[in-house]
Amino acid sequence: MTESDVPSAYVRDKRTPPPSREELRARIPGWGADLDPADRPSYPKLQYPADTGAHWDFPERQPGAEGRERSIEHAFVTPAFGTAQPLHGLSGAIRRLAYQRFSEGRLAHWMLLIVGDRVDAWESHLRSFVSGRPDVPATGLRGELTHSGPGSREGRSDKRHQVLDPVVVAGPWLAAAGATALGARAVVRALRR
Amino acid sequence: MRAMVYRGPYKIRVEEKDVPAIEHPNDAVVRVALAAICGSDLHLYHGMMPDTRIGHTFGHEFIGVVEQVGSSVQSLQVGDRVMVPFNIFCGSCWFCSRGLYSNCHNVNPNATAVGGIYGYSHTTGGYDGGQAEYVRVPFADVGPVKIPDWMHDEDAVLLTDAAATGYFGAQLGEITEGDTVVVLGAGPVGLIAAQSAWLMGAGRVIVIDHLRERLEKARTMAHAETLDYDEYDDIVVEMKKQTDFLGADVVIEAVGAEADGNFLQHVAGTKLKLQGGSPVALNWAIDGVRKGGTVSVVGAYGPIPNAVKFGDALNKGLTLRMNQTPVKRQWPRMFEHVRNGHLTPREMVTHRFPLEDIAEAYHVFSAKLDGCIKPLILPRAD
Ligand SMILES: NC(=O)c1ccc[n+]([C@@H]2O[C@H](COP(=O)([O-])OP(=O)(O)OC[C@H]3O[C@@H](n4cnc5c(N)ncnc54)[C@H](O)[C@@H]3O)[C@@H](O)[C@H]2O)c1
Ligand SMILES: [Zn+2]
Ligand SMILES: [Zn+2]
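Chains A and B, in that order, give the protein sequences. Position one of the first sequence corresponds to residue 1 (our numbering), numbered consecutively onward. Position one of the second sequence corresponds to residue 1 (our numbering), numbered consecutively onward.
Just so you know, the hints here were simulated from the structure itself, not pulled from any lab data. The model shown is predicted, which means the values in this text are computed figures rather than measured ones. Ideal placement from N, C-alpha and C gives every residue a C-beta, glycine not left out.
Partial chain B-side listing against chain A, Cβ under 10 Å, derived:
no., residue
1, S72
2, C96
3, L100
4, P109
5, H122
6, R136
7, F139
8, G178
9, M200
10, A202
11, G203
12, K271
13, W331
14, A359
15, S366
16, L369
Let the hints inform the model, and build the full structure from the sequences given.
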């Protein structure tokens, strides 16, 4: 390697200067329009907007906050909040524990919420089996046919783990079905005795 | 009304739900005209976001018509056509007062570390989202904006998140004239980030992904060079070779927790949920950027810890910048760029599904079938 072959990183300046402004402007629509940081809406990071549309110092409080779960890092239930899917059942108890006992800084908070999610899902699946609309392990699979599933994946590296998807998705269902079958057999045997 | 509903990981369906009501004096109810599925929705769909409840309606990219307003709403009237930022924000807390709309403290009781987001689990406040016929819009005087007459609806809906986030991501990169900018991820966010990098004066823009149709889009729509990481044994080494062993001046990470490219990390993070997502792209960004450079992270991660190569970031003296996008702050300037044709969000729309077929839409977008880049959702027209 002669000295002029030494790559940029080892010398003072980039060996290949960037294309000129004229060249870039000719090739790229709008090149440099926001070159000046002052034209970039998020510069600087903290800015005091003249008018956000808020006509209050502190918003009116939405009714119904009593008993609603909240992060213990908050001083109170915020003045506005979502009311979708309130806590209920066993999953609700698990989630409530996560909120009441652990701050967001604790892994236990998030792990309990994940457990709550899985319990919620299975509570709902079981209920769905006795409803007119039973859950299935995965939805939208018709897309494989209507949107050329196999062809789309041709030559893609994520094929490798997409083959795992059915295992990850259907695995718990097979396990649950197996456990139910074993449980039922045990009950039948116990009753026969 | 008809609404998309979550039934557990990989499971959604359309159900009949009550039309949302005014719950706070500054609420509006909006009839959704057009919605979209975002890369972020995939984190929920795959069961990676804690406290995603069965029955939840997703959807944080939507435009629509004001159907009803609460008693204190001053700036909107029934019948107004509005675009709604994905952030729910109050406009008056410590954070909103400083322009950090995505970090509002008055809208999400469930967590302090993240603001309010429509249809994005209870961890972001427990608000049902806009992949439905109607949606509740809190702080109607603060968030929504009337859609300008000249604006195409498909641009408007993408400006509520994906496009604003790409533009924001480029700003977080603190690009200076002549910089070599690498964008990881050629999804809707990465494509607009690549277009935006030029506006800020980049000298070279390189987009990395492995989906051929998206890389093609990066070349045609964003005039970028592209690298397919499937073609390289080690994409970080290629990033070094491409930049004369310096590394990129700026790397924009527009991939997030679904990242692929490392089998073990991907399986541990996104399949087995042993970490809060798979930080493959984030680690590529840290390793691929030059010392003293900037990594902009707009790819989303959950609250569960990730195996991020923090030591490398420290030893390299990197600037790491990140946030959920404060969408409305991007708008006035972005509107000009869209109007001038410098940013072209709707060029990314590849699919339009009726709401009734949304399960199929999620599967197609999630598995990246049929060249899907951005799917839109059309609620039942009436
Ligand atoms: N910060 C915010 O406010 C905000 C807003 C919107 C979206 N997001 C996040 O931005 C990310 C991208 O969103 P999108 O809608 O474009 O999603 P998308 O799923 O359509 O795109 C992600 C792309 O990344 C590619 N990819 C996967 N692994 C990669 C790797 N290791 N290196 C390079 N590319 C890789 C995929 O092939 C895909 O094309 C998501 O994580 C989303 O949650 C953040
Ligand atoms: Zn989003
Ligand atoms: Zn606020």
